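Per our numbering, residue 1 is the first one in the sequence shown, and the count goes up by one each step.
It is worth saying that the hints were derived from the structure and are not from the lab.
Keep in mind that this is a model prediction, so the values were computed, not measured.
Treat the hints with care, since some could be wrong.
[As the list claims (entries may be wrong)] Here are the simulated lysine to any residue pairs, SDA-like style, with alpha carbons at most 25 Å apart:
{"no.": "1", "residue 1": "93", "residue 2": "117"}
{"no.": "2", "residue 1": "93", "residue 2": "115"}
{"no.": "3", "residue 1": "66", "residue 2": "155"}
{"no.": "4", "residue 1": "66", "residue 2": "76"}
{"no.": "5", "residue 1": "93", "residue 2": "152"}
{"no.": "6", "residue 1": "84", "residue 2": "100"}
{"no.": "7", "residue 1": "84", "residue 2": "115"}
{"no.": "8", "residue 1": "84", "residue 2": "54"}
{"no.": "9", "residue 1": "66", "residue 2": "140"}
{"no.": "10", "residue 1": "66", "residue 2": "38"}
{"no.": "11", "residue 1": "66", "residue 2": "46"}
{"no.": "12", "residue 1": "93", "residue 2": "73"}
{"no.": "13", "residue 1": "84", "residue 2": "49"}
{"no.": "14", "residue 1": "66", "residue 2": "111"}
{"no.": "15", "residue 1": "66", "residue 2": "100"}
{"no.": "16", "residue 1": "84", "residue 2": "111"}
{"no.": "17", "residue 1": "84", "residue 2": "53"}
[What the hints assert, rightly or not] Simulated restraints, written as ranges between beta carbons of each label pair:
{"no.": "18", "residue 1": "64", "residue 2": "168", "range": "21 to 31 Å"}
{"no.": "19", "residue 1": "147", "residue 2": "122", "range": "17 to 27 Å"}
{"no.": "20", "residue 1": "64", "residue 2": "39", "range": "19 to 29 Å"}
{"no.": "21", "residue 1": "18", "residue 2": "59", "range": "42 to 52 Å"}
{"no.": "22", "residue 1": "97", "residue 2": "161", "range": "18 to 28 Å"}
{"no.": "23", "residue 1": "21", "residue 2": "47", "range": "53 to 63 Å"}
{"no.": "24", "residue 1": "143", "residue 2": "97", "range": "14 to 24 Å"}
{"no.": "25", "residue 1": "90", "residue 2": "172", "range": "50 to 60 Å"}
{"no.": "26", "residue 1": "64", "residue 2": "151", "range": "21 to 31 Å"}
Ideal Cβ positions, reconstructed from N, Cα and C, are used throughout, including at glycine.
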Amino acid sequence: MINIQTVSLFDLLPLPIRNDPAMAAAAVALDIQLQETSSMIAGLELFGRSAEWTNAEADELAWQFKPPYYDPDLPLDQKRLLIKNAIPFHRHKGTAGAVEDLIAILFGQGAVEEWWQYGGEPHHFRVVTNNADVTSERAQEFIAAVDAVKRLSAVLDSVTISQAEQLPFYFGGFLHFGEHITI
Numbered sequence: 001m002i003n004i005q006t007v008s009l010f011d012l013l014p015l016p017i018r019n020d021p022a023m024a025a026a027a028v029a030l031d032i033q034l035q036e037t038s039s040m041i042a043g044l045e046l047f048g049r050s051a052e053w054t055n056a057e058a059d060e061l062a063w064q065f066k067p068p069y070y071d072p073d074l075p076l077d078q079k080r081l082l083i084k085n086a087i088p089f090h091r092h093k094g095t096a097g098a099v100e101d102l103i104a105i106l107f108g109q110g111a112v113e114e115w116w117q118y119g120g121e122p123h124h125f126r127v128v129t130n131n132a133d134v135t136s137e138r139a140q141e142f143i144a145a146v147d148a149v150k151r152l153s154a155v156l157d158s159v160t161i162s163q164a165e166q167l168p169f170y171f172g173g174f175l176h177f178g179e180h181i182t183i
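Let the hints inform the model, and build the full structure from the sequences given.
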């Protein structure tokens with residue numbers, strides 16, 4: 001098996017041509033160019049090396065792929081996920097799954113409840129999340145992110161924050177046996 005990154009054109013030459021000094025020199029000269037080109041090809045694969053992207057590269061790729069709700073101030077890990085999922089987001093834009101996926105990347109967990117699941121009006125939905133930051137400083141960011149992938153005709157009714165806490169639960173009981181005698 002021939003590996004394109006380590007192949008030598010000189011080794012591929014037939015023996016009569018390999019003995020010609022001019023052809024051998026040309027093959028060795030082309031080997032250098034082929035190895036440089038094959039090493040540059042390895043750098044072209046973008047998504048395979050997404051863990052190596054810098055902020056500047058992520059911003060450039062975001063300009064190219066136009067992921068929904070991209071903010072240059074986001075953490076680099078979130079930028080990488082948004083860019084890697086930009087094409088699937090554009091394919092599924094307007095669906096509850098796209099809203100849930102975007103919320104998962106930006107805010108942790110989240111679920112979409114359609115209008116028929118909670119008794120709302122047609123074409124309305126609500127979002128249930130467990131991220132307490134949605135109500136404070138990131139509320140407008142959350143709404144903008146949802147607006148970036150929802151259907152234009154869909155209306156966001158509410159954002160519900162569910163919070164589960166570990167609380168101690170104590171259960172007690174007593175049992176009394178005895179007779180009551182009246183004289």
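Pairwise hint evaluation, residue 111 against residue 84, where the allowed Cα distance is 25 Å at most: 21 Å, holds
Outcome of range test on Cβ distance (residue 147, residue 122; 17 to 27 Å): Hint holds: Cβ distance 19 Å, inside 17 to 27 Å.
Range hint 18 to 28 Å (beta carbons of residue 97 and residue 161) holds or violated: 21 Å, holds
Distance restraint between residue 66 and residue 100, which requires alpha-carbon spacing of 25 Å or less: The hint holds at about 18 Å.
Hinted pair residue 66 and residue 76, Cα distance within 25 Å: Holds - the C-alpha atoms of residue 76 and residue 66 are around 16 Å apart, at most 25 Å.
Given hint residue 155 paired with residue 66 - CA-CA distance at most 25 Å: 23 Å, holds
Agreement of residue 84 and residue 49 with the hint, judged by alpha carbon distance not exceeding 25 Å: Since the Cα atoms of residue 84 and residue 49 sit roughly 11 Å apart, the hinted pair holds (cutoff 25 Å).
Cβ distance range 21 to 31 Å for residue 64 and residue 151, holds or violated: Once the Cβ atoms are compared, 25 Å apart, the range 21 to 31 Å for residue 151 and residue 64 holds.
C-beta pair residue 18, residue 59: status relative to the range 42 to 52 Å that was hinted: 50 Å, holds
Restraint check for residue 93 with residue 73, where alpha carbons must lie at most 25 Å apart: 23 Å, holds
Straight-line alpha-carbon gap residue 84 to residue 100, limit 25 Å: 16 Å, holds
Residue 93 paired with residue 117 [C-alpha distance capped at 25 Å]: 21 Å, holds
In this structure, the earlier hints numbered 7, 10, 18 and 23 are contradicted, and the remaining ones agree with it.
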